[in-house]
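Undergrad: So the chains spell out like this:
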Amino acid sequence: MQKTDSSDIQKELKTAWSEAPSLEGSREAYLLHLADNSLILSHRNSEWCGHGPVLEQDIALTNISLDLIGQARNFYQYAASLIGNTDEDQLAGMRPERAFKNLLLVEQPNGDWGQTVLRQYLFSQYQYLLFEQLQQHADQQLAAICAKALKEIKYHLRWSSEWVIRLGDGTAESNERMKNAVEELWRYTGEMFMPAAYEQEAQVDIVLLKDAWNKKVASVFEAAALSVPGDCFMQSGGKTGVHTEYMGYILTELQYMQRAYPGCEW
Amino acid sequence: MNIAIKKFYYGDIPEEKGGTGNYQSTADSHAWPLWEIFIRSKQGLDHKHVGSLHAADAAMAIENARDVYTRRMEGVSIWVVESKYISASNPEEAGELYEPAVDKIYRHPTFYQLPDEVNHM
Amino acid sequence: MPVQDFEQVFQDKIDGEIKIEPKDWMPDAYRKTNLRQISQHAHSEVVGMLPEGNWVTRAPSLKRKAILLAKIQDEAGHGLYLYSAAETLGMSRDEMIGDLHSGKAKYSSIFNYPALTWADMGAIGWLVDGAAILNQVMLCRTSYGPYARAMVRICKEESFHQRQGFESLLVLSKGTDEQKAMCQDAINRWWWPSLMMFGPKDSESTNSDQSMKWKIKRKSNDELRQQFVDMIAQQIKVLGMKLPDEALQWNEQRGHYDFGAINWDEFWAVVKGNGPCNKQRLEARRKAHEQGAWVREAAMAYAAKTAQKKAAAAMQAGALEMA
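Residue numbers (the working numbering), protein chains in the order written: chain L, 1 to 266; chain D, 1 to 121; chain X, 1 to 323.
No lab work stands behind these hints: they were computed from the structure.
Please note that a few of the clues may not be correct.
[Claimed, not checked] In silico DMTMM-like pairs for lysine to aspartate or glutamate, Cα to Cα no more than 20 Å straight-line:
#: 1; chain 1: X; residue 1: 180; chain 2: L; residue 2: 112
#: 2; chain 1: L; residue 1: 151; chain 2: D; residue 2: 99
#: 3; chain 1: X; residue 1: 287; chain 2: L; residue 2: 139
#: 4; chain 1: X; residue 1: 63; chain 2: L; residue 2: 87
#: 5; chain 1: D; residue 1: 104; chain 2: D; residue 2: 74
#: 6; chain 1: X; residue 1: 63; chain 2: L; residue 2: 205
#: 7; chain 1: D; residue 1: 84; chain 2: X; residue 2: 265
#: 8; chain 1: X; residue 1: 13; chain 2: D; residue 2: 63
#: 9; chain 1: X; residue 1: 19; chain 2: D; residue 2: 46
[To be verified] Just some of the chain X residues that point at chain D, by a computed CB distance under 10 Å:
#: 10; residue: 84
#: 11; residue: 135
#: 12; residue: 245
#: 13; residue: 257
#: 14; residue: 258
#: 15; residue: 260
#: 16; residue: 261
#: 17; residue: 294
[Claimed, not checked] Sample of chain D residues lacking proximity to chain L, with all beta carbon distances greater than 10 Å (derived):
#: 18; residue: 32
#: 19; residue: 45
#: 20; residue: 55
#: 21; residue: 56
#: 22; residue: 59
#: 23; residue: 79
#: 24; residue: 104
#: 25; residue: 112
#: 26; residue: 120
Remember, predicted model here, so these are calculated numbers, not experimental data.
Yeah, the Cβ is synthetic: ideal placement off N, Cα and C, and Gly gets one too.
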């Protein structure tokens, strides 16, 4: 992967609209993509804090949010060290929406508990398989971050897949709700396997990833009495900064303090 | 199916003693049962009772215990048992159960006076 | 044994600093007082998650967001420990939650105040948790075993809460003028409600006397409040901020700080449901519980199904062995 000049990202930070071609295919862009995924999903999960269906699960989901923030911070910090003259909070708090590279899946609203655990499962399943590859990456720092995260993700995967099965195979109502959740979220899963320029540089075997993901999801869905949807049109764009309308509101909250009081210590 | 498990099972006192409250459950029937949690804080130590929590089944109880009771690296192993399966001795039988041990002081090493030369036996 | 003898044995245990355990005989009123107090305490932890939860998605940095989440998560844990302790007295968590939602059970009124700026997160940690900790440290020695054990665990975990609150205010106090003003404003708004947390004056408190005799409580409301004022009046100097009380002054003779009169009308108004956020807080709790009903139900249904499958498999295995 090529190294990017720090002025390039500064340019990207400022130009809300452009595709910032200078970042395309760069390692920094890939790190930001990984960081944004974790950040935005942790943000969504953290909206549950204090509102979970039962105390024990409130605590469990908050644990996952905390793990994801930790991952995001590691990636942002590493990205910041390559970009120079910025830090994790500027990267999270000052970039415009069009510069965010997270998957559309992770920005989708929480919906009910079923939709939240399904979103977590679909993502964790992907993240697990992806990070298994990335922990072998030639970039040792990237590999180390992924190896550390993998232990957390293993637990997220266990927790979320159990919930998907439990709710899918629970009551008639819960099964119905899970079907709706699948219907709601499935169209955002295809994007995981449509590589952006920066991913091609990362040398991840997308075909392998896709096959493994499909197999795993099929087996969990089967245990959950859910059927895997047939081919449908997949939404995409998140990886290159074209998001759903929900994203702007996420950032409005997430970036409120950084933008209202720029340059402050907290 | 009412599965609201109360800690009445080992936390109650008999009705006729007149010391009990008269709270009745108005619980919804889907409340999860209570589990007692035991945690081994490190290899080589016993599992120790740390508290309780609610879960739908044993697997969930273990995961909940992990999230609730080991957030600060408090444990390396977890046991869970549904509270209703705990049997407890009756405190009113404490006399006959435990007091007979009081005068068996010959069970303790300090009962035996040995000459100084073998003091570390 | 007649009831009077049981009562004597019970009081002797209390006087001898022997903890009361769930199966032990205890007077009705002792059970009820503990149940009320522990469940209220649990409700306070859980409702207390809401004002801070209000800032989770707007935390100013990723580090602060992680700290805040971890702290709120601790509060959920503390609520859980306390519900468990209360359950040993014979009431299910579900019932207690029902009482909270019906308005029958109370929780600490402090959480009916709004968290308006980021500085409120610091002020809540420093002042509200600071006040709570004084009460909780005392409760580590309370006479009911499960309550005391829960408090020991809670105090261990809480120690970071007050520190992080103070530290986050300290950063503001060294920041820009806007940050300093934010800091002072939060202290102004949270100071008096924090003093009210200790409850009515000793001369007006209905529960204190018997609670002292039973060693449920070991210090009076006024004693704890004074201890709090003395502590905060010192710590605020480090922040370079002011407490919003003109009457606050060191009294050499008493060896304590004097402080101004608390607005008890406001206190009772908030207790009775007329605080700025009473309605909103209860609604949030009710909504979470109601919207979680199908989740709890499905989990039980699934657990029953898998248990049945397991039993059937075991039967089949047994049958094979026989054959």
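Undergrad: All hints are to be evaluated individually against the structure, with a verdict given for each.
TA: Hints, one by one, checked against the model:
At most 20 Å may separate the alpha-carbon atoms for a hinted pair to count; residue 180(X) and residue 112(L) exceed this at roughly 40 Å. Restraint check for residue 151(L) and residue 99(D): not satisfied, since their Cα atoms lie roughly 51 Å apart, outside the 20 Å limit. At roughly 47 Å between alpha-carbon atoms, residue 287(X) and residue 139(L) are farther apart than 20 Å, so this suggested pair is violated. Straight-line distance between C-alpha atoms of residue 63(X) and residue 87(L) comes to about 12 Å, which keeps the hinted pair within the 20 Å bound.
Straight-line distance between C-alpha atoms of residue 104(D) and residue 74(D) comes to about 37 Å, which puts the hinted pair past the 20 Å bound. Of the pairs offered as hints, the one joining residue 63(X) and residue 205(L) is violated, with about 33 Å between alpha carbons and a cut-off of 20 Å exceeded. For the hint pairing residue 84(D) with residue 265(X), the CA-to-CA distance comes to about 47 Å; that exceeds 20 Å, so the pair is violated. Taken as a hint, the residue 13(X) and residue 63(D) pair is broken in the structure, with Cα atoms around 38 Å apart against an allowance of 20 Å.
The straight-line distance between the Cα atoms of residue 19(X) and residue 46(D) is roughly 24 Å, outside the 20 Å bound, and the hint therefore fails. The interface hint given for residue 84(X) is met, as the beta carbon of that residue sits about 4 Å from the closest beta carbon of chain D, less than 10 Å. Below 10 Å, beta-carbon pairs count as interface contacts, and residue 135(X) has none with chain D, the closest being about 20 Å; its hint is therefore violated. Because the smallest distance between the Cβ of residue 245(X) and any Cβ of chain D comes to about 37 Å, over 10 Å, the interface hint for this residue is violated.
The restraint placing residue 257(X) at the interface with chain D is violated, with a minimum CB-CB distance near 35 Å, outside the 10 Å limit. Taking 10 Å as the C-beta contact cut-off toward chain D, the hint placing residue 258(X) at the interface is violated, the least distance being around 40 Å. Taking 10 Å as the C-beta contact cut-off toward chain D, the hint placing residue 260(X) at the interface is violated, the least distance being around 40 Å. Using the Cβ-Cβ criterion of 10 Å, the hint placing residue 261(X) at the interface with chain D is not satisfied: the shortest such distance is roughly 38 Å.
For residue 294(X), the suggested interface contact is upheld, since its CB lies about 9 Å from the closest CB of chain D, less than 10 Å. Taking the minimum C-beta to C-beta distance to chain L, about 7 Å, the non-interface status of residue 32(D) is violated against the 10 Å cut. Every CB of chain L is more than 10 Å from the CB of residue 45(D) (nearest about 24 Å), matching its label as outside the interface. The beta carbon of residue 55(D) is not kept farther than 10 Å from every beta carbon of chain L, the shortest such distance being approximately 7 Å.
Distance to chain L contradicts residue 56(D) as a non-interface residue, since its nearest Cβ pair spans about 8 Å, not more than 10 Å. With a closest Cβ-Cβ approach of about 7 Å to chain L, residue 59(D) is found to fall inside the 10 Å limit, against its non-interface label. Its beta-carbon lying about 17 Å from the closest one in chain L, residue 79(D) satisfies the requirement of being farther than 10 Å from that chain. The beta carbon of residue 104(D) is kept farther than 10 Å from every beta carbon of chain L, the shortest such distance being approximately 45 Å.
Every Cβ of chain L is farther than 10 Å from the Cβ of residue 112(D); the closest lies at roughly 52 Å, confirming the non-interface assignment. Consistency note on residue 120(D): stated as away from chain L, and its beta-carbon is indeed over 10 Å from all of that chain's, at 47 Å minimum.
Comparing the model with each earlier hint shows violations of hints 1, 2, 3, 5, 6, 7, 8, 9, 11, 12, 13, 14, 15, 16, 18, 20, 21, 22; every other hint is respected.
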